[in-house]
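Let's have the full structure, built from the sequences with the hints guiding it.
Residue numbers (the working numbering), protein chains in the order written: chain A, 1 to 268; chain B, 1 to 295.
Just so you know, the hints here were simulated from the structure itself, not pulled from any lab data. Note that the coordinates shown come from a computational prediction; the quantities given were computed from them, not determined experimentally. Treat each hint with caution, since some may be false.
Said to hold, decoys possible - Computed spacing ranges between beta-carbons, pair by pair:
#1 A/Val106 - B/Ala262: 29 to 37 angstroms
#2 A/Glu102 - B/Val264: 34 to 42 angstroms
#3 A/Lys54 - B/Glu158: 34 to 42 angstroms
#4 A/Pro146 - B/Arg54: 48 to 56 angstroms
#5 A/Val181 - B/Pro79: 38 to 46 angstroms
Using N, Cα and C, we set each Cβ at its ideal position, and we do this for glycine too.
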Amino acid sequence: MPQLAERQRDFAAAVLDAALPMPAGLVGPDGEPSLKRFAVYRNNVVAGLTEALKDAFPAVRRIVGAEFFQAMARAYVVIEPPRSPILLDYGAGFPDFIREFEPAAVLPYLADVARIERAWTESYHAPEASPIDPGALAAIAPEQLPMVRLQLHPSTRLVRSQFPALTIWQMNVGDGVPAPVDFADGGEDALVVRPLADVEVRSISGSSLEFIQALAGGASVLAAMKVALAADCRFELTADLTDLMQVGALVGYDLEQGNGAREPARPA
Amino acid sequence: MSLPSSPITDSVPPRGGVGLKAEHYRTIIETRPDIGFFEVHAENYMGAGGPPHRYLSAIRERYPLSLHGVGLSIGADRPLDRDHLLRLKQLIERYAPGLFSEHLAWSSHDSGFLNDLLPVPYTSGTLARVVEHIDQVQSFLRRQILLENPSTYLAFTESTYSEIDFIAEVARRTECGLLLDVNNVYVASTNQQWDPVAYIDAYPLALVQEIHLAGYTREADDKGRPLLIDTHNRPVDEIVWDLFAHAVRRIGPVPTLIEWDADVPAWPTLKHEAERAEAIMLVTQSEPKRHAAAC
Chain A
1 MPQLAERQRD FAAAVLDAAL PMPAGLVGPD GEPSLKRFAV YRNNVVAGLT EALKDAFPAV
61 RRIVGAEFFQ AMARAYVVIE PPRSPILLDY GAGFPDFIRE FEPAAVLPYL ADVARIERAW
121 TESYHAPEAS PIDPGALAAI APEQLPMVRL QLHPSTRLVR SQFPALTIWQ MNVGDGVPAP
181 VDFADGGEDA LVVRPLADVE VRSISGSSLE FIQALAGGAS VLAAMKVALA ADCRFELTAD
241 LTDLMQVGAL VGYDLEQGNG AREPARPA
Chain B
1 MSLPSSPITD SVPPRGGVGL KAEHYRTIIE TRPDIGFFEV HAENYMGAGG PPHRYLSAIR
61 ERYPLSLHGV GLSIGADRPL DRDHLLRLKQ LIERYAPGLF SEHLAWSSHD SGFLNDLLPV
121 PYTSGTLARV VEHIDQVQSF LRRQILLENP STYLAFTEST YSEIDFIAEV ARRTECGLLL
181 DVNNVYVAST NQQWDPVAYI DAYPLALVQE IHLAGYTREA DDKGRPLLID THNRPVDEIV
241 WDLFAHAVRR IGPVPTLIEW DADVPAWPTL KHEAERAEAI MLVTQSEPKR HAAAC
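Here's what the structure looks like:
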C-alpha cells in the first residue's frame, strides 16, 4: 500500500503529464481502475489553470483565437504550474513563454502584448497609495527640483516594445476594433499605473520611459533627466513631470539637502 | 417564522447567500439587494490592493461575510504553507468573516499548485495528517474552521474508512465544524454508488454550520456509468434541492450558499437561487422544532 506522500507525488505527476500511466489503485465503484475518472482530475487541473490565463490575457486570446490560445496555454501550464495558490498572480512567465513558443513566431509582437496585459494585472492588484496633490511640485523651489527624488505609485509598470504593441492591445480589449497596423511606424512604449481604482495605460516616448525607469531605481530628477536626454535630446522635463503628476503616478518626494541629509517633504 | 437578519454583525444568519463574483460587484453596491450573506474565495482577495478589496470592503460594510479557502491543501502530506496561513489570518482580521471553511482535499505538491481539490485516501495515515493540519490552522487562526465534504470521481483501494467515518473522526479529534456541500453529496454518491439520503442521515449533522448548493455536469465513465462533475456552472439540480430539503428537515435552517463560479449568470438568476434556498428553509419544519412543538 503506497504511503500518502508517495501517492500524492505519483498522482500529481500523472495529472500534469497525460503521457504517464494512471497510478494503480484508483478505482470506480466496481473496484476496477477507471481512466476516465482519473481524467476528470487531469482535465480540471489543466482547464482551471488555462482558464486563469484566459482571464489574465484577453487580448492575446482575441488575437490568436480561442483554439490556439487553449493549446498555447495548455503547453505552458504543464511546464510552469503556479508556485502559489494565489492565482491572481499566475502567468508572470507567460509572456516569455509566448516569445519562445514556435507556433506563435509569426506574430512577433504577441509577447509584448502579453507583457502589457501582465503589467495591467500587476498594477490592478498592487498596493494602495495616494497620489500627491497636483500643486505639490510647484511648491518646490526651482533650484531644489533637480535634487528631488520622486516616489512612484507602487502600481507603476513600464513596457517597452519595438512593435506597436500598445495599439494592438487597445484594438483587442473591451470594445476595441482590430484594424491594420503599420509596423513601419515603429515601436511603442507604455506606462501602466493604477492611481485609484482604474488602471491607466498610456503611450509614452522612449525618453520618458528611460526617465521613469531611472526614477523608479531611486535616481534624483537631475540624474534621471540625464539618462532621458542621453536617450533623446528632445526630452522635456517639465512636460514629463506634469504628465506623471496628472496621471497620478507620483505618491511622494524627498528633498536631498546639500549636506547629504534627506528630509522627507511634507505634501503641499 | 421569520428569518433573523442583522447585516452589520459578524455572524452569518441562517439564510440564503451567494458566492460573490466580480461581475456583480456594481449591481450589489448600487441596488443593495436583500440577501442573507456573501461568500468569497479567500485566494481571490490575496492581492495587495486594488478594486477587489475596494468592492469587498464596501460590500462587507453592508452584509455578513463567509470566507471560503480553496488553496490551503489540508490533505497534502507536506507541511502547511506558513505564508498562506499568514495571508488567511490577515484577511480574517481585515474582513471579520462570520464563518471560515476549507476542503478535505489537497492541491499543492512539489510540482506546484494544481488548482483543483484533489481527493485523499481514507486511511489512518491521512487521518493523522489532516488532524495535525486542522489543529495547526485552528490554533494559528485562533478560530474554528468548517471542513467541507469533497466531490469525488474515484476511490482509493487503500482506503479503510468510509468517507463519513473519516470526516466524523477528523471533527471529533479537532473539534472543527462541518460544511455540508449537498451537491458534493449527490455527485460523490452517484459516482461511488452510495445512497445520498443515507449519506446525509449518517453525516455528523449536529456539527454542520453551513450548507453549499451548486450545479453539476453529467458525463459517463469508461463503462457507461454516470459520472457527475462538480462544475458550479448551472442551476442547482432538482434532486439536490430535494436532498437539501431533507437535510433542513434534519437540522433546521443554516446559512446556505449558492456556488456558481463558471458561466456566471445575471444577478437576478443567482439571487433567485438563494431565495429558493431560503423559501425551502422557511417552509420546512425541522425535526428538532417538531419535537419541541410536541413537548
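Taking the hints in turn, this is what the structure says about them:
1. A/Val106 - B/Ala262: 29 to 37 angstroms: holds, 32 angstroms
2. A/Glu102 - B/Val264: 34 to 42 angstroms: The hinted range 34 to 42 angstroms holds for A/Glu102 and B/Val264, with Cβ atoms some 35 angstroms apart.
3. A/Lys54 - B/Glu158: 34 to 42 angstroms: Given range 34 to 42 angstroms: holds, Cβ gap about 37 angstroms.
4. A/Pro146 - B/Arg54: 48 to 56 angstroms: violated, 37 angstroms
5. A/Val181 - B/Pro79: 38 to 46 angstroms: violated, 51 angstroms
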